[in-house]
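Each chain, letter by letter, is given below.
There are 2 protein chains.
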Amino acid sequence: MKLGRLNHIGIATPSIADSIAHYRETMGATQITEPFDLPAQGVKVCFVDTPTGSDGSGGMNGTQIELIEPLGEDSPIHGFLAKNPAGGQHHVCFEVEDVAEARAWFEGQGKRVLGPTRIGAHGTPIFFLHPKDMMGQLTEIMETPRDH
Amino acid sequence: MKLGRLNHIGIATPSIADSIAHYRETMGATQITEPFDLPAQGVKVCFVDTPTGSDGSGGMNGTQIELIEPLGEDSPIHGFLAKNPAGGQHHVCFEVEDVAEARAWFEGQGKRVLGPTRIGAHGTPIFFLHPKDMMGQLTEIMETPRDH
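Those sequence lines, one after another, are chains A and B. Here the first sequence is numbered in the UniProt record's numbering, starting from 1 and rising by one per residue. Here the second sequence is numbered in the UniProt record's numbering, starting from 1 and rising by one per residue.
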């Protein structure tokens with residue numbers, strides 16, 4: 001296992017619209033994707049792009065901020081928001097070249113994988129690891145999109 | 001205000017040594033700085049470097065993971081760890097070109113700045129913004145190091 005790119009950090013929010021306004025108006029974000037539903041995961045998400053250049057210039061291929069709003073009554077985000085009503089940092093996501101190999105690696109380390117490998121917000125296979133086995137952090141592992 | 005680079009995410013931990021072992025052995029990190037004390041902030045920190053290339057190759061100039069352990073009895077991290085004994089995501093840090101200008105911007109937006117501007121872990125001026133004014137996220141603003 002080799003540490004991959006920090007693809008995104010997931011931020012839960014009670015209102016994706018309010019969060020978009022915050023990132024655009026207060027933080028000065030210029031590239032935010034349209035929100036879309038991921039019904040299988042019970043969430044609505046969008047991505048805030050960040051610059052790679054330290055002066056805010058350069059490409060916008062830095063670690064993204066994934067804004068996550070609950071979708072439906074069974075959304076796993078409701079529990080998080082009950083504890084953190086204003087929203088907050090929900091998970092981190094690292095890229096790997098081969099998601100099946102990574103899953104076998106973490107299972108071999110005795111880490112609890114949460115549910116089946118499934119298709120994530122970037123259209124590639126992902127899985128989540130239990131925060132109690134990951135130094136308190138809910139950790140998503142995603143296969144790198146082929147177009148990157 | 002223009003969104004700057006996501007310099008690092010801050011992860012609180014009850015044991016920086018255990019977290020270093022986790023990132024090195026389980027996550028496959030290859031570049032982790034030596035921990036050092038920041039007595040003025042009541043923390044011991046180190047940084048895990050992440051790759052910019054999506055396959056784990058390329059430079060190691062991606063968003064860093066700052067590991068934060070309490071230092072001293074008055075450390076502000078004790079409260080966080082009391083609520084999150086395993087550790088977890090503590091703050092996010094964005095770069096700006098001019099920290100004084102950024103501070104004035106956030107104050108003008110009615111955001112609560114926590115304490116004075118001071119020197120942060122990268123040796124440049126930083127300040128923190130209240131999570132309740134930042135969609136639930138404790139947010140650090142740091143001036144970009146001149147050597148980047």
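Everything labelled a hint here was simulated from the structure, so no lab data went into it. The reader is advised that the hints may include incorrect statements.
[Stated by the list, open to error] To be clear about the criterion: a stretch of chain A counts as covered by chain B if any three or more of its residues have a C-beta under 8 Å from a C-beta of chain B, and this derived list gives those stretches:
#1 12-26
#2 132-142
[What the hints assert, rightly or not] Far from chain B, by Cβ distances over 10 Å, these chain A residues were calculated:
#3 Leu3
#4 Thr33
#5 Pro35
#6 Leu38
#7 Pro39
#8 Val45
#9 Pro51
#10 Pro70
#11 Leu71
#12 Asp74
#13 Pro76
#14 Pro116
#15 Arg118
#16 Ile119
#17 Gly123
#18 Pro125
[Stated by the list, open to error] Quick list of in silico lysine-lysine cross-link-like pairs, PhoX-like style, CA-CA up to 20 Å:
#19 A:Lys111 / A:Lys44
#20 A:Lys83 / B:Lys132
#21 B:Lys83 / A:Lys132
#22 A:Lys111 / A:Lys132
#23 B:Lys2 / B:Lys44
#24 B:Lys2 / A:Lys83
#25 B:Lys83 / B:Lys2
#26 B:Lys83 / B:Lys111
#27 A:Lys111 / A:Lys2
Just so we're clear, the structure is a prediction, and the values are computed from it rather than from any experiment. For every residue, glycine included, the Cβ atom is placed at its ideal position computed from N, Cα and C.
Enumerated hints in conflict with the structure, sorted upward:
The structure breaks hints 3, 9, 19, 23, 24, 25, 26; every other hint is satisfied.
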